[in-house]
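If you're matching them up, the sequences are chains A and B in order.
With this note's numbering, you'll find the first sequence wraps up at 402, consecutive numbering, no jumps.
With this note's numbering, you'll find the second sequence wraps up at 402, consecutive numbering, no jumps.
Any given hint might turn out to be false.
Calculated lysine to aspartate or glutamate pairs in the EDC-like style (CA-CA distance at most 20 angstroms, straight line) [to be verified]:
no.	chain 1	residue 1	chain 2	residue 2
1	B	165	B	227
2	A	197	A	227
3	A	165	B	359
4	B	165	A	329
5	A	165	B	329
6	B	249	A	254
7	B	165	A	359
8	B	165	B	209
Stretches of chain A that chain B covers, calculated by requiring three or more beta carbons in the stretch to come under 8 angstroms of a beta carbon on chain B [to be verified]:
no.	stretch
9	262-271
10	289-300
11	331-345
12	377-387
Here are some of the chain B residues that sit facing chain A, going by a computed Cβ distance under 10 angstroms [stated by the list, open to error]:
no.	residue
13	165
14	251
15	261
16	298
17	299
18	335
19	336
20	338
21	378
22	379
23	381
24	386
25	399
26	401
To be clear, the hints were calculated from the coordinates, so they are not data collected in a lab.
Remember, predicted model here, so these are calculated numbers, not experimental data.
Beta carbons are placed, not taken as given, at the ideal position from N, Cα and C, and that holds for glycine.
The lines below spell out each chain.
There are 2 protein chains.
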Amino acid sequence: MSEDLVYPGGKLRLFVDAALGQGARAIPGDRQTHYLLHVMRSKIGDRLSLFNGRDGEWSATVVEVSKRQCVLECRGQVAPQSDVPDLWLVFAPIKRTPADYVVQKATELGVRRLQPVITRRTIVHRVNGERMRANALEAAEQSGRLTVPDIAEPVPFARLLSEWPHGRRIVFCDEGGDARPIAEALRDQPSGPWAVVTGPEGGFDPGERAALRALPHVTPVSLGVRILRADTAALAALAVWQACIGEG
Amino acid sequence: MSEDLVYPGGKLRLFVDAALGQGARAIPGDRQTHYLLHVMRSKIGDRLSLFNGRDGEWSATVVEVSKRQCVLECRGQVAPQSDVPDLWLVFAPIKRTPADYVVQKATELGVRRLQPVITRRTIVHRVNGERMRANALEAAEQSGRLTVPDIAEPVPFARLLSEWPHGRRIVFCDEGGDARPIAEALRDQPSGPWAVVTGPEGGFDPGERAALRALPHVTPVSLGVRILRADTAALAALAVWQACIGEG
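Turn these sequences into a full structure, and let the hints steer you where they fit.
As structure tokens, this is what we get:
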């Protein structure tokens with residue numbers, strides 16, 4: 155957790171693994187404990203919010219503080235459990251800083267799963283799943299989400315397609331030139347399970363592009379006349395999908 | 155220019171100040187010269203593209219190389235001059251890394267002007283205009299734009315409003331809770347001069363919010379139920395504006 159972090163909502167929220175309920179206690183993880191003790195200088199009685207992805211959001215207070223540990227206790231539920239729309243982001247891994255950024259922004263923009271895919275033109279093959287999960291967790295805490303997005307293991311492109319779940323529609327950010335503008339292409343499309351699929355810098359190769367377009371329920375879209383970096387394309391498509399089909 | 159830069163379009167494009175025309179010569183700036191000589195190891199006869207914001211895009215070749223300088227010569231115009239839609243981004247300055255990111259992404263997303271505004275809750279008051287201009291120029295080179303966005307001097311919020319240009323509509327990213335979802339709010343709005351206006355972390359204060367909403371042609375919009383960081387809100391609003399009103 156960045157020490158200079160300003161919580162956009164002005165409220166400290168932590169994700170914990172423990173079950174949450176009236177009087178339930180939770181011990182935050184190492185990163186969170188460091189933040190509570192050494193950045194926030196938390197004292198007994200301080201208030202914060204907790205969520206665990208299952209039990210809704212709870213107001214809690216600090217009930218024990220030692221040199222190395224805080225104990226938090228739930229006081230009351232402030233929101234029932236809810237989830238983001240069923241939207242995945244499938245993206246080709248990119249170098250570290252943009253990948254960190256994509257994970258953070260996709261989490262804020264309400265993605266349920268991040269799925270790295272290895273394509274022929276993918277330059278970065280190593281994916282630091284632990285780092286991605288830490289970024290997603292922190293962004294979920296700050297964005298007010300009640301779930302942390304699932305960070306899937308990277309899969310080769312062919313396997314992604316052969317195992318593609320039945321009925322999950324695709325917004326394909328297609329640099330091929332004949333795709334319709336995204337707002338027009340998404341107009342009057344149904345909600346339900348969707349994925350935004352973006353390629354690496356340089357795009358999908360022609361065989362991959364054809365295979366992707368041959369899947370059922372694929373909507374190729376154009377994001378405009380300019381050339382977008384891979385991370386920009388992903389975030390622009392997610393924002394437009396949320397505006398047109400998601401929560402608006 | 156980052157040395158590890160992958161040009162998304164696979165083509166080297168440089169912005170120069172010189173007039174461009176058949177046989178015209180241009181000497182790139184220091185940053186560009188360093189890139190040509192020491193990263194690309196350019197030789198006489200190498201091809202690239204040039205633009206200057208006025209004369210369209212030209213294919214050019216390297217005609218002289220010395221230890222410290224390259225000379226480029228225009229061979230033919232490959233695109234006439236064009237501009238992005240008349241969209242500004244008005245934003246409260248944020249700490250360095252997100253600001254760099256906002257400038258880069260806003261340039262890719264086709265903003266004509268970036269206008270920093272100092273609000274009551276703005277935490278970062280110092281704005282490095284030179285750094286912003288360098289980021290905008292580099293992003294313009296890479297995105298295929300034929301113009302570099304104008305980086306305006308920061309203005310206090312009151313002056314921004316008192317000098318607001320007649321007829322320029324505003325998409326106001328409003329955290330106040332009663333704004334309509336952005337796609338619905340922008341539906342059937344006219345094109346023409348627009349600005350996306352986003353506040354600092356923590357939002358505009360109530361007086362600023364009321365003053366902004368009292369301007370003519372202001373459309374308050376909601377970006378969904380989650381709390382977005384200031385930089386995410388700016389980019390999401392720009393992407394949706396381009397999809398719904400801009401170039402699609």
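Taking the hints in turn, this is what the structure says about them:
no.	hint	verdict
1	165(B) x 227(B)	17 angstroms, holds
2	197(A) x 227(A)	13 angstroms, holds
3	165(A) x 359(B)	17 angstroms, holds
4	165(B) x 329(A)	15 angstroms, holds
5	165(A) x 329(B)	15 angstroms, holds
6	249(B) x 254(A)	17 angstroms, holds
7	165(B) x 359(A)	17 angstroms, holds
8	165(B) x 209(B)	19 angstroms, holds
9	262-271	holds (count 3)
10	289-300	holds (count 4)
11	331-345	holds (count 4)
12	377-387	holds (count 9)
13	165	9 angstroms, holds
14	251	9 angstroms, holds
15	261	9 angstroms, holds
16	298	5 angstroms, holds
17	299	6 angstroms, holds
18	335	3 angstroms, holds
19	336	5 angstroms, holds
20	338	6 angstroms, holds
21	378	5 angstroms, holds
22	379	6 angstroms, holds
23	381	4 angstroms, holds
24	386	5 angstroms, holds
25	399	9 angstroms, holds
26	401	5 angstroms, holds
Comparing the model with each numbered hint stated earlier shows that all of them hold.
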